[in-house]
Amino acid sequence: MQNEIIFTILALITIVSSIVMISAHRPIDSALSFIVTLVSIAALFALVNATFLFVVQIIIYAGAILSLILFIIMFLNIKDSNLPDEKHKNRWLMGTSIIVAPFSYILIDLIMRSDIAVNGVASENFGTIKDVGLTLFSKWILPFELVSILLLVALVGSVTLSKKED
Amino acid sequence: MNTVLILLPLILTILFSLATVPILVWMERRVAALIQDRLGPNRCHINGIRLGGIIQSIADMMKLVFKEEFLPSHIKNKFYYLVAPSIAFMSAFLTFMVIPYADNITINDKTYYMQALPTDLGVLWFLAFAGLGVYGIILGGWASHNKYAILGSMRATAQVIGYEVAMGLSLVSMLITYGTISLNEMVTYQSQSFFIIPAWGIVIQPIATIIFIITAFAETNRAPFDAAEGESEIVAGYHTEYGAMKFGLYFVAEYIAMAASGALIVTIFLGGYQLPYLNTADLINNFELVLWLIIAFAVVTSLMFLKWMKSHNIYNTSGLDEKKVYATLIIGFTAFAILLMSYYALGFGHASAVGVMILQFAIFTVKLFFLHFVFIWVRWTLPRFRYDQTQKLGWNILLPLSLANIFITAIVVVGVNYGN
Chain A
1 MQNEIIFTIL ALITIVSSIV MISAHRPIDS ALSFIVTLVS IAALFALVNA
51 TFLFVVQIII YAGAILSLIL FIIMFLNIKD SNLPDEKHKN RWLMGTSIIV
101 APFSYILIDL IMRSDIAVNG VASENFGTIK DVGLTLFSKW ILPFELVSIL
151 LLVALVGSVT LSKKED
Chain B
167 MNTVLILLPL ILTILFSLAT VPILVWMERR VAALIQDRLG PNRCHINGIR
217 LGGIIQSIAD MMKLVFKEEF LPSHIKNKFY YLVAPSIAFM SAFLTFMVIP
267 YADNITINDK TYYMQALPTD LGVLWFLAFA GLGVYGIILG GWASHNKYAI
317 LGSMRATAQV IGYEVAMGLS LVSMLITYGT ISLNEMVTYQ SQSFFIIPAW
367 GIVIQPIATI IFIITAFAET NRAPFDAAEG ESEIVAGYHT EYGAMKFGLY
417 FVAEYIAMAA SGALIVTIFL GGYQLPYLNT ADLINNFELV LWLIIAFAVV
467 TSLMFLKWMK SHNIYNTSGL DEKKVYATLI IGFTAFAILL MSYYALGFGH
517 ASAVGVMILQ FAIFTVKLFF LHFVFIWVRW TLPRFRYDQT QKLGWNILLP
567 LSLANIFITA IVVVGVNYGN
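Protein chains in written order, with our numbering: chain A, 1 to 166; chain B, 167 to 586.
Simulated from the structure, these hints should not be mistaken for laboratory data. One thing to keep in mind: the hints can contain errors.
As the list claims (entries may be wrong) - Taking lysine-lysine pairs in the DSSO-like style, the calculated list, with each CA pair at most 27 Å apart, reads: (1) Lys87/A <-> Lys242/B; (2) Lys89/A <-> Lys244/B; (3) Lys244/B <-> Lys313/B.
All values reported here derive from a predicted model rather than from experimental measurement.
Only chain B is shown next, with the shape it has when bound in the complex (with noise of 0.2 Å):
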């Protein structure tokens, strides 16, 4: 039990980051096609099972792994060029071992973290190695000894200063709301409510909540702040000259800073792992209500989607019948699901700490993907913008904006703990 609660947040940290990425780039295409009026990836089968075009993300790993490592003659510096991708997807990675998945949990009178690196350092962590990505960029693009590649890197370096200004100042203001800088704390922040309001971060400083979605759009070099890779204007940016898995690791580090980003989101905004109202320890001693509300929850929705997929589903494949494999599964586990709660929510186990931080775990997710497809909703509504654009809206209106909205809270902080 020991062993499992201390890997228990490293593991999360790799599935959140690594293995969702092919979910991303399956839902990126799906939400691409759901905005553009268009079917999406639905060829790609094995055995007739399409499992709605995640198939296709897989073949594509594929190909990008098993594709032919390529070195470009004219390339000088082999060792930067080779090292860049690498610097990319590691700070991307970093970045997300200090989030928080659930709260600490104490069992036997040991406390457990579940964050992957329980340090007080939190959000100063994510800056730290949010900054140390654009070196990946900077130096892929240098060392591709490539026009296209060097303007790529130098507009995301410019942009990546620019926004971490921004980004860093309207973190201030969170800190000086919240009182801390560790993460956790300011999740157990959150979970208080003023009169009926609960106080997530987006409630009680909606302006530093903007503006730092804003700039997690320009870190991540998502559109539409990707100026650095504008394929109209220079090719592919800094990855013109990469391709196979030296590529990949770019594309893999984009998904996973925006992974990162969005769990930050969720963290400092969002309420994290809590839902509103209820605080771990109301959780635990509403346990099997919230339980009952789940099952209740969890049928509604498989009904829908059974009764959404049978209208839907209309693409023929040779082979199996898919229509009846996912029925079946979804049936299966949603009894099993049902089955493994109502054990709890009849009152038969005393796990309930273990359980109340799955479910925190569930609530992480659900808030998490949320996020992401906020991200892509984003990419494929906005238009990207202009360099110059860029530049104006980070210095002369998100700078200003900023240190405004921490002037005002400090005055509030002060104000409102005056009398104390």
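Next up, chain A with everything else stripped away, as it sits in the complex (with noise of 0.2 Å):
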């Protein structure tokens, strides 16, 4: 009981904040919502006991990007006659939920035939760092190392392009 009424506090928090992000007018607006977002569903995951996702989900989203967000938001300094005025965009965004909604529908219809909905409680070391860790790196480890090579060869060439303009 006290579960489910946090998980509604929580859910309700994310939504309405993942909602204010997409319709806020000024970007400083956006990413704070955004922040708030992160950060309750971190909490979401510290509910399910997924301690290693709700603590990385802070250091590397809420923490490290959006901070980096910010910073770039502010080095722009965007006056408010900079913004585009966004005239119809309360019916855009009315328009296009109600065209995605069936397909909201057929999302969520999945979810509860799917084997999640069914085995609702996850094991007892669910998103715990021994798990994460020994999951990545035996059974997952081709993968993990193919994408940190990749992110390896974005880091490099970031540094080369930002050398090349002086």
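Take the two lone chains and join them into the complex the hints point to.
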């Protein structure tokens, strides 16, 4: 019962803040409500005992990436006159959400039929550091290493690109 | 007893973070005065009792609380402006939650954790909330709508982003060494010793220790990395437009962040709540001997302190004779503590598990205050780094150094464990 109440509150915060994120006029409002979304998703992870996902969500997304985005927003010094006036924004949002609605019904139906909904309770080690580490480094070792090489290539590429300009 | 043991770490967290702020402010001023060869705060008093200047911190606090709340009229985003100091404060406070103040204690087959938040996340929790703290600074600077404030918050952001990388990497090498992320297990690891050297983090990983301490200074925006509030260039940086308790929250948050990183340094690198060569089981077995040593130490130090006070406390105030009050208090307190300890030391009491716990709190507190002293010592000794120097140090020196350290650590750890 307690868990359901907490889940409902967190889910509401997540949904409301993500709606604010896409409908806000100023970029800084969007960025800040995105932080709220990420933190409440992290709290949802914590609710299902996935402690590692919880803390990584906060460190990587809420802590590092979003502070970079905010940093850039502050650097650009956007004034209200620079922003496009989005006259029909609400109409667009309403229209697209009506179009998307049937697909989300299908998605919900799919989730309810799949194994996830049936076996609602995960194993005891789900989402703990040891479990995530063992899974990554035994079962998924090849994709994991390939992704890290991809990230390394991107890193080296950005350094070379920024060096060319001087 | 149950409730007390569960609430105890929470109360200690509040004591170590919020309640130590006036003491830290006092320490800051006294140590600054010591280093600059001045007297320090000594005028504020209540009926002749100055407490060596602590009354001054209390007076400052009262001033911040009772000052008029002022909202500059040019501020457009009042919500962000008002919420920013509390974000800084909250995240600094939350970092404290995972620090173990003593070993896990088992009474009547129930184990109690001496952490406010008994989680196995440990270091990661600290990194997460230390990273969130920067939003307080970014938002405060941005919402102040002031060039100096924006400059200050941009400096702070760039600095925190840069130094968080080096901090995380230096922690990775510690995680490889200890083989755990739980802070309590790290402290347990440090209770062993190689030959005659205690296996403290500072001994087995000196490079990671230095990198972590430097990055901790930068994370907390303290000198020599306080370019974010460099008063000689940008007035006061991100808190230029803040006054009264809104400024007070930033001020307190900085000290709490300093206390939290000090506590983390103690836990990871300085053996936490352990004395060298004595792990918790040894402490329980030799509890009486340790108590006798502490009694002897208490007698000697209080006598020395009384002698020192007689020759140095020459400031005359009207009202009470301060020296006499202090002397009576010190003698009374020491006598009480010695009586209490000798009750256990002579073997009358049997609550040795609780006794060891209290002893470990005391050891942790002493180490933590030593770290505070180091923080203040550095602030009043080193000049502020220029902004580009800060960035260069972070990216060009600390980052490669910590990467190399991880590499060497991994090779050594794998090599040592190869035979097993």
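Hints versus structure:
1. Distance hint between Lys87/A and Lys242/B is fulfilled; the C-alpha atoms sit about 23 Å from each other, no more than 27 Å.
2. For the hint pairing Lys89/A with Lys244/B, the CA-to-CA distance comes to about 26 Å; that is within 27 Å, so the pair holds.
3. Our distance criterion of 27 Å between C-alpha atoms is met by Lys244/B and Lys313/B, whose separation comes to about 17 Å.
Of the numbered hints stated above, none is contradicted by the structure.
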